[in-house]
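Taken in order, these protein sequences are the chains called A and B. Note that numbering that gives the first Met the number 0 numbers the first sequence so that position 17 is 16, with each residue one more than the last. Note that numbering that gives the first Met the number 0 numbers the second sequence so that position 223 is 222, with each residue one more than the last.
Since the hints were derived computationally from the structure, they do not count as laboratory data. Being a predicted model, the structure only gives us computed values, none of them experimental. Hints are supplied without guarantee of correctness; some may be wrong.
What the hints assert, rightly or not - As a list, the in silico DSSO-like pairs of lysine-lysine whose alpha-carbon atoms are at most 27 Å apart:
1. A/56 with B/115
2. A/193 with B/115
3. A/251 with B/293
As the list claims (entries may be wrong) - Not the full set, but computed from the structure, chain A residues with beta-carbon under 7 Å of chain B:
4. 26
5. 100
6. 102
7. 163
8. 334
9. 340
10. 346
11. 357
12. 360
The beta-carbon is built from N, C-alpha and C at its ideal position, and this holds for glycine as well.
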Amino acid sequence: MTTDAAEGGVEAAGVAPAADVGFLQRYGASIEYILIPAAALIGALAVFGLFVAMYGKNPLDLYFYMYYGAFGTWFSWQNTLTRAAPLILTALCTALPAQLGMVIIGGEGALLIGALSATAAALAMQGAAPIVVQIAMVIAGVIGGGLWITLSGALRQYRGVNETISSLLLVYIGLAILNHLVEGAMRDPASLNKPSTREIGAANMIGTIPGTDVHWGLVFGLVAAIASYILIYHTTFGFAARVAGGNIRAAKIVGLGVGKLILTICFLAGACAGLAGMIEVAAVQGRTNANLAAGYGFTGILVAFLARQNPLAIIPVAILLGGISASGGLLQRRLGLPDASVLVLQGIIFVFVLASDALYGRIGFLKGKS
Amino acid sequence: MADPSIGLWTVPLAVFGGAIRVSTPFLFVSLGECITERSGRINLGLEGTLVMGAMSAYGISYLSGSPWLGVLAAGITGALLGALHAGICSLPRVNDVAVGIALMLFGTGLAFFLGKPLIEPTAPRLPAIDFGWWSDIPQVRAALRINVLFLIGVAIAPLLFWAFKTTRWGLLIRTAGESSDAARAMGHSVLLIRLRATMVGGFLAGIGGSFLSLFYPGSWNEGLSSGQGITAVALVIFARWDPLLCLWASLAFGGAAALGPALQSVGVTSGYHLFNAAPYILTLAIMIITCSPKRTLTGAPAELSITR
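One chain only, chain A, in its complex shape (with noise of 0.2 Å):
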C-alpha cells in the first residue's frame, strides 16, 4: 500500500513542471484512488450477480434487494448505520498499522478482549452513575482491545514474530478465554442455553442518538476515524510512522523510536477494536456472550483495504459494507439466499480489490497527454 502512495507521489511530481498542467495531470492519482476501487466493487458485484444466477435466482431482483436492504428507507438506513458502526473501528485496527508496513488481522480478538473487559467494568461497578460506569467501560475496552494488539506488536518488535500469524492466532485464544469466562467465573446463572455474564443493567447502556435508532457508536467510530485522520496524516508522529512504514533503515537511521512507534500504534489499533465491542456491549447486547463473535473484526480488514488504509475513507467504505451485510437479511427472506452470501460478496469484492491493485498507475486516460 505504501509503496503504491509513494509510486504516485513521484509520478506527480514528475508531471507537474509545466505551467499548463492539465486537470487529468493534476488529479489523475486522485481520481484513481476512487475510480479503481469503484470499479473492482462493480466488477464484484457482477460476479456475485452471476454466482447468484448460477443458484437460480434473477440477478436483478439481488441487486435491488441489496440497494433496498441497505439504503432503501430510513429504516435500512439506520440498520446500516448502526452496522458501519463497529466496522469504522474494527476496521481502524487494521489501518492504522498499516501506515508502519504491518499486517494485523486480529481485530475480532481485540473486539472480544474489549468486550469482555468493558462487560467485567461494568459487572464491577454496579451502582455508581451510569456516566461513570459508560466512562469506565470506555477506559477498559480501550485498554483491554489495546494490550491485545500491543502484545502482536511487541511479539513483532522483540521477538520477530510475524504480527499477522500471531494476531490471528490471539483472535482464536481471545475468544477461548471469552467462552471460558462466560461459562464459568463470569456466568450468569439464569442464562441456560446461551451462557451469558449477568446484563450491565438498561441504565448503564449508552442508548440511541436522539431521532433514531442508531446508537452512540456510530459517533465513537466517526471521531476516532477523523482522530486517525489527523493523527496519521497531520501530526509530526504521523508523520514518523508513515516514515518508518516506508522504509524502515532510513527511519532507523534518522532516530526514529521505531519499536515505540510500533507499541503506540498498535495500542490505538487495539483500543479502536476494542471500543467496537465496547459499544457491542453497551450499545446492543447488553452483556458479553459467544454472540459478539459475529465477524466484524473479519470484515474489518476488508473494509481497511478497500479504503486503501486511509482513515477517513474508512468512513464510507464502513457504511458500504454495513449496508451490504444489513442487506443479508432481506436476501435470506425474499430470495431464500443463504445468510452466507453476503460473506460471499465480501470474499469477491475482497479479491477485486487485491487485484485491482495492478491498475493503479496504468489506465492510459487518466496520465493526460505528456
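Given the structure of chain A, go ahead and fit chain B onto it with the hints provided.
Coordinates of chain B only, in the frame set by chain A:
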C-alpha cells in the same frame, strides 16, 4: 470416571490417539504450505481451502456415495483455489499476504454458502484400518483405528524431503524461493513455478479438509475448522520449511488439540475452552521461542515476504 481397568491411562492414550487423528489436517496443510513457501510465496488462504475442501468432500461423497471421490474433489477444489491465489499474486504489485487473507474469507464464505444443504444429510465416511485388533481394551482399539489418509500423509513427508533435496522439481522450487533472478536466469518462469507449487499446496490442503468432514470429526458444519489452517501455516515457519519437521510438529499439535476432549472424557470439564485453545497457545509459544528479531530464520526461503 472412565473404564476403571485402565484408569487415568485414558488421558495419555486419548492424547496419543488424538495426536494421530487430529494431526492429519495439520499435516496435509503444513506439507502443502511447505511446498508453496519453498517456492517463495506464502498462502494464508489455506484456512479457506481447508474449509472448502471439507465441504466439497462431504458434498461429493454424499452425492456419489464414494468418500474417495470426495477426497479427490477436495483436492481439486484446493488446487483451483491455489491457482486463484497464484493467479492474483502474479499480477504486479499485489501482496501475497493480503490475497491470502482475502481467500481465507472467500473460501470460508463460499463453503458456508454451498454447504448449507449439506448440514442435514449423512455422507459415507472414509474407512479406518484397525491396528488395535490385538487388544481387548476398547480405548486402545479406539486409539489405534487409524485412517489411511494419515498414513499417506506420513509417507508424503519423507517423500517431499527427498524430492526437495534430489529431484529436478525440488531444485526448481527451491531456486524460485531463494532467488527469483537465478531461476529466471536459468530460463524458467518463476510465476509458473509458483503457480504449480501453490496449486499442489492447495491440493494437499484440500485433502486435509476432506479428512475433517469425512473422518474426524466426520460431519459437515460451519464450526468444523477454527483456525487449523492458519495454525498449520504458522507450523511451517517453526518447522523451518522442513517436511520431516512438519510431520513431528503436526503430531505435537494433534496431541495438544486432543488434550481438551481427552480430559473431558475422564471428567475434567473446567477449562475445556482453554484446553481447546492449546494448539494456538502452543503455536504462539513456539513462535516466540524460535523467532528472533536479530536474524532471519535459518532455512527460510529468501524470497518469502513474511520472514523479511
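Hints and how they fare:
{"no.": "1", "hint": "A/56 with B/115", "result": "holds, 16 Å"}
{"no.": "2", "hint": "A/193 with B/115", "result": "holds, 23 Å"}
{"no.": "3", "hint": "A/251 with B/293", "result": "holds, 15 Å"}
{"no.": "4", "hint": "26", "result": "violated, 21 Å"}
{"no.": "5", "hint": "100", "result": "violated, 11 Å"}
{"no.": "6", "hint": "102", "result": "holds, 5 Å"}
{"no.": "7", "hint": "163", "result": "holds, 6 Å"}
{"no.": "8", "hint": "334", "result": "violated, 13 Å"}
{"no.": "9", "hint": "340", "result": "holds, 6 Å"}
{"no.": "10", "hint": "346", "result": "holds, 3 Å"}
{"no.": "11", "hint": "357", "result": "holds, 4 Å"}
{"no.": "12", "hint": "360", "result": "violated, 9 Å"}
Hint compliance for this structure: hints 4, 5, 8, 12 are broken, all remaining hints hold.
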